[in-house]
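Asker: Protein chains in written order, with my numbering: chain W, 1 to 498; chain A, 499 to 996; chain V, 997 to 1159; chain G, 1160 to 1322.
These are computed hints drawn from the structure, not numbers from a lab.
Don't take every hint at face value.
Some, not all, of what chain V presents toward chain A, calculated at C-beta under 8 Å [stated by the list, open to error]:
id	residue
1	ASP1030
2	LEU1032
3	LEU1037
4	ILE1039
5	HIS1044
6	LYS1148
Using N, Cα and C, we set each Cβ at its ideal position, and we do this for glycine too.
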Amino acid sequence: MKVLIANRGEIAIRIMRTCRELGFTSVAVYSDTDQNALHTRYADEAIHIGPTRAADSYQNIGSLLEASSQIGADAIHPGYGFLSENPHFGSAVEEAGMIFIGPSPESMAVFGDKLSARKAARESGLSVLPGPDQLLSKDRQDQAIPPELSFPVLVKAAAGGGGKGIRLARNEQELQEVVGLAQEEALAAFGDGSIYLEPLVVKARHIEVQILGDGRGGVLAFGERECSIQRRHQKLIEEAPAPNLSPAEREYITWAATALGKATSYRSLGTVEFLMDEDRRFFFIEVNPRIQVEHPVTEMVTGIDLIREQLLLATTGELQLDQNAIQLRGAAIEARVLAEDPEADFLPTSGEISYLKEPGGPGIRIDSSLYQGMKISADYDSLIAKIISWGPNRQTAIQRLRRGIKEYQIGGVKTDLAFLAKILESHPYLDGRITTSFLDDHRIEQDVPCEEVTRDAAIAAALHIHKQQEESKGGNTSSVDLWRQTAWKEQIRSGSSL
Amino acid sequence: MKVLIANRGEIAIRIMRTCRELGFTSVAVYSDTDQNALHTRYADEAIHIGPTRAADSYQNIGSLLEASSQIGADAIHPGYGFLSENPHFGSAVEEAGMIFIGPSPESMAVFGDKLSARKAARESGLSVLPGPDQLLSKDRQDQAIPPELSFPVLVKAAAGGGGKGIRLARNEQELQEVVGLAQEEALAAFGDGSIYLEPLVVKARHIEVQILGDGRGGVLAFGERECSIQRRHQKLIEEAPAPNLSPAEREYITWAATALGKATSYRSLGTVEFLMDEDRRFFFIEVNPRIQVEHPVTEMVTGIDLIREQLLLATTGELQLDQNAIQLRGAAIEARVLAEDPEADFLPTSGEISYLKEPGGPGIRIDSSLYQGMKISADYDSLIAKIISWGPNRQTAIQRLRRGIKEYQIGGVKTDLAFLAKILESHPYLDGRITTSFLDDHRIEQDVPCEEVTRDAAIAAALHIHKQQEESKGGNTSSVDLWRQTAWKEQIRSGSSL
Amino acid sequence: MTNYRISIADRTYQVSIHDNELEVNGERITYDTDSLNGKGLHILRRQHRNVEAHVEAKQSGSYDIQIGGNHLNAQVAVGFQNPQSKTANSSGRIVAPMPGLIIDVLVKIGDKVKQGETLLIQEAMKMQMKLRSPLDGIVTSIAVAPGAQVEKGILLVSLQPAG
Amino acid sequence: MTNYRISIADRTYQVSIHDNELEVNGERITYDTDSLNGKGLHILRRQHRNVEAHVEAKQSGSYDIQIGGNHLNAQVAVGFQNPQSKTANSSGRIVAPMPGLIIDVLVKIGDKVKQGETLLIQEAMKMQMKLRSPLDGIVTSIAVAPGAQVEKGILLVSLQPAG
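Could you build the full structure based on these sequences and the hints that come with them?
Answerer: So, in structure tokens, the structure goes:
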């Protein structure tokens, strides 16, 4: 079985790892920029698919099909993002005689469009947020917003996913401003500029259920994930199980997700997303018809490799487990390591990874595509690694994740690691008081470092520059060797302190 | 709570990780050679304890107590090796008013001496290997071996542990030859040259049970580990649970280990080691009164952090769990990454770590003290890292461990990684046909690499040298930039292949 | 003897390095230090602590320092030159806040703009953002056109403050 | 143009590098290659595969290469010099098989020794091992004394073969 992974970065490597464990041959694809990327070296085979711009490479169906044919792939895994939710891609892969490791074209058609997804959910008996099941036209200056909605509203891409292309409008004027931008963004990201309106639910929690369906009505549920900690509508920290859910609440969403999967004969992995409002009512939002960034927390608490189950289902046509085999244990949390600057409104950062030391030890999993010498660019998503912790309970999982984040050393590029650590130390997070407005409600600020730390930093900087200058003068003996003559032994003996 | 860790390498970092999760302050100690070691930077505080020779630093009770007093430590964790089984150390720590995170001096006295351990086990109703409960004198040329023994026999250090100082004698002449060497080795390693004889059990399996006692008769058992894959009587690959044990067999060794712990009012972590012979009879060998190298496999299948339980017991005096909370799930395997050359009789290797990329992804745990720029020397143990896998069953755990080993890149120092991979691919291992003579019975040979690989290696070597030479000529432009002009695009278009 | 003036988080240190002596703000320091690789990993062995710092040169005079979980920026002047800021008042300079693609330029030279008015739209990481005017003024130069790929910090538009 | 003769696992390759051309055993190669860091990480992009190789210089002319899970040793001669082995027959040379401490020297110069007889005892990683004579002969020189710390490959004892 030769599987081409039509993606890059950590998710490509994640999928290849399971391929390797199963003895499947994995094929990497790469754009110009990615010619030395870790995923191209991890794969058993690798093939170039086009220039850096995603539309010409990772989102280019023609290139991908040509590469698949050239290399003799039996199956294609789309990962997340890029073409993963594009219904044409799955169909084209199947028409070319290959296995598409994802939902059937029918499921994709239903759930790829957020409005038809709402319809399917309502028909399966799920509560859906109020709002019209129709698209917004671009020139809507004259229209009033529909009577069932009131400001604030969210403008969302109908073909969207992963929190991209969502805009908030608090009044009529803002709505007029963002409509155009949202449409352009949606077109750029998903190849489809359709947008629609949804009410903004305040103090909501984002909770989702992982399912796997066999396409014939057999559906497994793998428990829920809490993904409320978001910036710019994109998830930052996710956990399983969702804290403080009652057994009845958990049972309800599991039922709802399974019912929707069964009603639509859902095939492959998918995530049924819900909002829980202040009154603890659940509303269906959408189905993500693909593997998700945050799937590892489910793997940690169930002990099940979701990609393995997905690959085996795709190649055999049969689910390998039954629902009784899915038992949760402990708690898991994922933090997304981003090449973004939280102190500058999460703007993307770039640079070359000059030093890398990834965390380890008990209860820590790293899904990363980083390597020393890697160049981080703004060409693709800013997600560069994920750190996931497991513990017998939520408190231990938090303690471990904090410990792991402190161990993570990524030199050369500014990341959100310190910001993630601050969230995990904040009282509302520890208490499980989490909503999608967490980062607006609770200002997460970096501590001013203590004097000792800045002093050490200043010394390190001076040493560094001094050493560089001495080296550029041509001598091989670096100044730092001289420092060693100031023996610490004497200091300790003399008891001198600073 | 300030905990000084009287150790180095991966186990020091392992213990500090849990300290950090619990909010305990950790203190590293270091010898001259280790002044930049990772454990000294991981700890909250660090203190120098003497020159490189272990007897003068990590095994120097005086230095350690002085350091503890200077830095105000509340407790000392000995790790494994070094002073961990030295009864004087535990007593000295407690007399100095600190908590010793390990067995009581009484337990240490019973189990530190392998002969009194045999006696205690026999009194608790455990089967013990035949042999006299007395030491061997150095000048035993005139003595016959005791009537209950026959060749081959093992010469073992009474104060030993970790497989060190064990010698095989197949006949009277070999016995005479090895007695002196074994005594000297025991003296060097444990500060005590006492040795004794034990029959060699052929086709034996080495199976051990992890216990934690409260020192007042309360004892928890955490399941067993299979540690039969050994080289030079030192474990190489360990797993939990032991494959192919019947429920009755598992119940028996659990009972035996717990009974011995209760009878001796055992305190802290310990491992009760058994041999299982060809007729599936279990014989007690010894108790290791300390944390063991292979403890992570037990942590992976129980989900319990053994160091955490040990630290909390030591600081509160109470066990935090009851036996019902210890439930096994799946299978875990550990492989020891050694700076040794398996093709040269496992002789130690040395060098500087020039490149490091550690494995990740689902079900992989790394316990390592490696960092890029680290100098590996023969001053201490050759264990440089551990890779541990977990899977829902043994087969998946093996697949994952193989995958993880293949991901592990350690440049600059030859290791046993490729050898470990070959063991994990061998049929007897996959079938669970494991005995302590595995590596003698099954010749594990490296494949001759295929022609494509050696050809690529030759090209890489030539490029490397060429680049170095051009750089030493002073130019900043490296030759490799020129290669890039040979565009791959043309090759792909022209379809040229090698 | 080389002197460095280093500013970190509103604190300023004067560090002097001469042979095997190191002074901070005039005080002799007796740390032992090591540099572990050629890439900026430095270890300061203080009395009861080993501190690890990663130093990375950014723009001229600006360094990133990772130390104890902190990610700090240091401004360094060598030889105690007074860093007399010769850069013009930059409030009229609109620079790219990140690398990315210029989607649209909404103004032309000579336009009067108000504070908060959108001047350009830039895209990066598939996110579009409006770059707004920081003041009331007149557009004096435009350095980019739609479709341009720009580096972070590149000057995009210059404004002359009004009044 | 530089020529390299490279021996790996009993195979020998002649690699020629000249500007942007690379030949292996006379055949023009059209790989695209890159060097990712200054530390010996090379990437060979072949037609349908990206291969990663880590190259590390060991002793003169000897290189360690890690590639695809293999750990290979390469002997390299630059410029096709015939590596005329000028080293003496080394069978009478006892060298340290690893770095460590010499615990005991059991022979003295002029001693007749038999094949398999223990000449020295060395300790490393707390394990003692006997270094035995590879042949029958006479001890002609002893380079170490008990207590010496030796590097791997250091000459310890020389023997003159008997007969």
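Asker: Against this structure, judge whether each hint is valid.
Answerer: Hint check results:
Interface restraint check: ASP1030 (chain V) against chain A, minimum CB-CB distance 6 Å, threshold 8 Å, status holds. Taking 8 Å as the C-beta cut-off, the interface hint given for LEU1032 (chain V) holds, the closest approach to chain A being about 4 Å. Annotation: LEU1037 (chain V) was flagged as interfacial toward chain A, and the flag holds, the nearest CB pair being 7 Å apart, inside 8 Å. Given the 8 Å rule on beta carbons, the hint for ILE1039 (chain V) holds: about 5 Å separates it from the nearest Cβ of chain A.
Taking 8 Å as the C-beta contact cut-off toward chain A, the hint placing HIS1044 (chain V) at the interface holds, the least distance being around 5 Å. The interface hint given for LYS1148 (chain V) is violated, since its Cβ lies 25 Å from the closest Cβ of chain A, which is over the 8 Å cut-off.
Checked against the numbered hints given earlier, the structure breaks only hint 6 and satisfies all the rest.
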